[in-house]
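Enquirer: One letter stands for each residue in the lines below.
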Amino acid sequence: GEDVEQSLFLSVREGDSSVINCTYTDSSSTYLYWYKQEPGAGLQLLTYIFSNMDMKQDQRLTVLLNKKDKHLSLRIADTQTGDSAIYFCAESISNTDKLIFGTGTRLQVFP
Amino acid sequence: GAGVSQSPSNKVTEKGKDVELRCDPISGHTALYWYRQRLGQGLEFLIYFQGNSAPDKSGLPSDRFSAERTGESVSTLTIQRTQQEDSAVYLCASSAAGQEPNYGYTFGSGTRLTVV
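Line order of the protein sequences matches chains A and B. Per our numbering, the first sequence runs over residues 2 to 112. Per our numbering, the second sequence runs over residues 30 to 145.
Everything labelled a hint here was simulated from the structure, so no lab data went into it. You can trust all of the hints, since none of them are fake.
A few chain A residues that face chain B, going by a derived Cβ cut-off under 7 Å, partial list only: (1) 102; (2) 103; (3) 104; (4) 105.
Far from chain B by the CB rule (all over 12 Å, computed), these chain A residues: (5) 13; (6) 16; (7) 28; (8) 55; (9) 68; (10) 69; (11) 72; (12) 82; (13) 83.
Quick list of the computed label-pair ranges, beta carbon to beta carbon: (14) 92(B) / 24(A): 29 to 35 Å; (15) 45(B) / 83(A): 40 to 46 Å; (16) 52(A) / 49(B): 37 to 43 Å; (17) 54(A) / 107(B): 38 to 44 Å; (18) 107(B) / 70(A): 40 to 46 Å; (19) 110(B) / 70(A): 42 to 48 Å; (20) 109(B) / 41(A): 25 to 31 Å; (21) 56(A) / 38(B): 35 to 41 Å.
Every value quoted in this text rests on a predicted model; they were computed, and no experiment measured them. Each residue gets a CB set at the ideal place from its N, CA and C atoms; glycine is no exception.
Sequences and hints are given; from them, build the entire structure.
Expert: Below, the structure is given as structure tokens:
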């Protein structure tokens, strides 16, 4: 079955790096995604990675993909208080437009 | 409109009553999705509409849940005889399906449903 797992909470000091981890199950997923949800809002796409890539960097964000272990991570450099939110990873289901989302990781950034 | 619009933003209802949640997708987006987000949990897929194809209803949790969409426009999610476990945020998203990556997935702000 399809299942995407994440740890529930992460707390970091402002200026440090944050690493949010995710494991997924569908080895045929074409793309994997990271979404951000701020309080009272819907989800916003942060970044995505194609399944044949190992790494993708986008400004302060670095996505690492270990396809063998079905492990995805999101690193946020120089974490700011505005980064406090819930972060969801998601996998695409092959031959559909459906995304399966993880449980979300609540990132709290303290001064 | 510029984004996905959902209404109402908040709904409190008594157990046993029916509720209707509305989603207005981005104009031109052929695909529309409903997800449920319970407190402290991830997004649970409910139903997916793509153009004129039969909807994928595989995520609907019971026959009390149903959804309709007319063409490529507004969708309504109906929950009959609401139960307390239906309390959640119901999120709608739309996309210009068939394009990868699916960065066309735009979410609404959700409807927070509380069943008392």
